[in-house]
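Colleague: Chains as they are written, first to last, in the numbering used here: chain A, 1 to 283; chain B, 1 to 280.
Derived by calculation from the structure, the hints in this document are not laboratory data.
Keep in mind that the hints are not guaranteed to be accurate.
[Unchecked claim] Computed footprint of chain A on chain B, listed as stretches where at least three residues anywhere in the stretch have a Cβ under 8 Å from a Cβ of chain A: (1) 168-180; (2) 226-235; (3) 241-248.
Even for Gly, the Cβ is constructed at its ideal location relative to N, Cα and C.
Now for the letters of each chain:
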Amino acid sequence: MEPLIRLENVSFSYKINEQTKVPVLRDIDFSIYPGEYVAIIGHNGSGKSTLSKHLNGILTPDNGDVWIHGYNTKNVNQKRAIRQTVGTVFQHPDNQIVATIVEEDVAFGLENINIPREEMRQRVDEALDVVKMSPFRHRPPHHLSGGQKQRVAIAGVLAMRPECIVFDEATSMLDSFGRKEVLQVMRKMNDKGMTIITVTHHMSEAAEADRIIVIEGGQIVMDGPAREIFKHKHELEQLQLEVPAVSQMAELIHNRFAEFSKDIIQESEFIEEVVKLSKEEVS
Amino acid sequence: MSSEFEISKRITIGQYVPTGSFIHRLDPRVKVFAFTILVLAIALNTSYIGNTIGLVLSLYLFWVSKIPIRYGLSGIIPAIPFIVILAVLQLLFQGQLFSHGKVYVDYGFILITSESIRLVVVSAVRFVEIIFLSSVLTLATSTTELTHSIQSLLSPLKKIKFPVHEISLITTIAIRFVPTFAIEMEKMMKAQASRGADFGTGGWWRIIQRTKETFPIIIPLFNIALSRAEDLILAMESRCYTPGGERSSYTTYQIAAKDYLALVTGLLFAILLFAYPFPI
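Between the sequences and the hints, there should be enough to build the whole structure, so can you do that?
Modeller: Right under this line is the structure:
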């Protein structure tokens with residue numbers, strides 16, 4: 001299968017002045033395939049946010065290439081095609097809403113790519129429906145909660161019908177309730193076949209993904225299925241990362257009751273394990 | 001004590017009063033256009049009768065739009081000092097330019113004639129009329145509608161490369177961020193106050209002290225505004241925004257019969273005020 005996003009030996013450094021450069025990414029090499037749900041994790045300053053900005057050509061690599069569906073992000077003429085393929089939801093819910101009315105903000109991207117009005121209405125309706133914000137469509141954005149604003153931002157990206165959405169720490173400004181709302185939307189979209197890339201330092205969020213890429217010092221240090229990655233507890237701790245809270249709890253229980261599996265990364269699995277063992281106990 | 005910092009609650013963006021009246025439901029472009037020509041006509045009319053008609057019309061518009069007149073009066077009150085000062089200056093110093101009327105007072109450089117009194121009265125009434133009219137416009141039209149209609153009315157200027165859409169986008173973003181910055185400022189004032197800063201304790205006449213008090217708020221606010229702007233640029237670019245590019249538009253307005261009616265009425269009044277030779 002042809003990858004949706006392909007990074008080849010990508011290096012990038014921020015220029016402070018003519019002499020000094022701060023290298024942020026070094027020889028990053030990976031591919032993301034259609035329909036994947038990928039989490040990129042790393043501690044603060046590891047380069048994960050810079051990496052996410054390479055995925056739709058906001059930043060272009062100093063060395064190496066980023067290919068989106070065969071388009072090189074360095075090619076200025078293909079920027080529009082690239083951004084229609086890969087959309088981004090940013091961290092701060094307030095800083096990405098442009099319009100004074102919810103539905104007009106969702107339409108902003110569509111206006112930019114010159115979609116005819118009738119189709120625009122239909123797409124806005126659909127997008128608001130997916131994120132369950134239709135009842136709020138005529139509201140001004142400052143009357144919404146953080147989670148609701150973030151869902152509006154998602155709708156704005158969704159309306160452009162991208163093939164992939166990058167969530168650049170999109171939940172880090174939200175309370176746990178707002179985070180849950182956004183995670184549900186992400187899961188739902190992935191189930192419908194959308195490629196999801198989430199950049200996060202919440203491990204419970206990364207555990208939702210199918211594949212995890214761990215970044216440290218601008219390099220990929222681990223890349224694999226979520227369950228495999230979270231087995232390497234000690235390596236992760238050395239990278240100032242930890243396994244999800246449920247995994248930690250499962251391990252503590254496992255240490256006292258060996259039959260309790262420690263290979264647990266999601267809350268639902270934890271509950272199932274308890275239910276399973278208590279049934280065995282009864283019988 | 002807490003109320004002193006609750007800026008975001010006090011802020012009304014625009015001052016839209018949704019009563020759903022006939023005026024509210026008019027096409028905003030028609031409203032803005034009719035408003036403009038009426039203001040122009042009033043500004044050019046110098047007769048007593050003409051301005052009485054204008055005053056009655058603007059009061060009538062309040063009644064039609066079902067908006068309590070106190071909203072209009074609250075717009076007049078802050079303007080009263082200016083109206084009074086202007087009237088006094090005109091009365092004392094403008095007489096020489098209007099010496100053709102009947103002379104009432106002629107003392108040194110002070111010359112008061114029937115014409116200069118007309119100027120004083122008419123310009124004061126004009127002020128009131130224009131404030132009433134613009135109040136009706138902004139009270140009965142949401143800010144979003146206003147920006148849309150201004151964009152649409154200015155759109156012919158695109159032909160001479162005037163950046164109509166860019167300007168309307170800038171206005172929209174400015175309006176959009178007013179409450180955000182109000183909340184930000186509130187946080188900042190609380191943070192500074194909790195570290196012992198004083199706000200608004202000096203009397204209003206101590207201008208220098210009160211200006212200094214705002215520095216610890218204004219400077220961080222600028223900083224935040226710039227970093228927010230950077231974020232916003234990224235978000236807009238990610239959604240394919242290209243300045244000057246061809247775009248479609250989501251909102252449309254359909255001109256209906258009632259809009260034509262309003263437009264024609266507005267035009268008739270404007271022509272009446274502008275062209276009819278009122279006796280006084």
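Colleague: For each hint, tell me whether it holds in the structure or not.
Modeller: Hints and how they fare:
For the stretch 168-180 of chain B, the stated coverage by chain A holds: 7 residues have a C-beta nearer than 8 Å to a C-beta of that chain, and at least 3 were required. With 5 residues bearing a CB less than 8 Å from a CB of chain A, the stretch 226-235 of chain B meets the requirement of three and the coverage assertion stands. Proximity of the stretch 241-248 of chain B to chain A, defined as three or more residues with a beta carbon under 8 Å from a beta carbon of that chain, is established by the 6 residues found.
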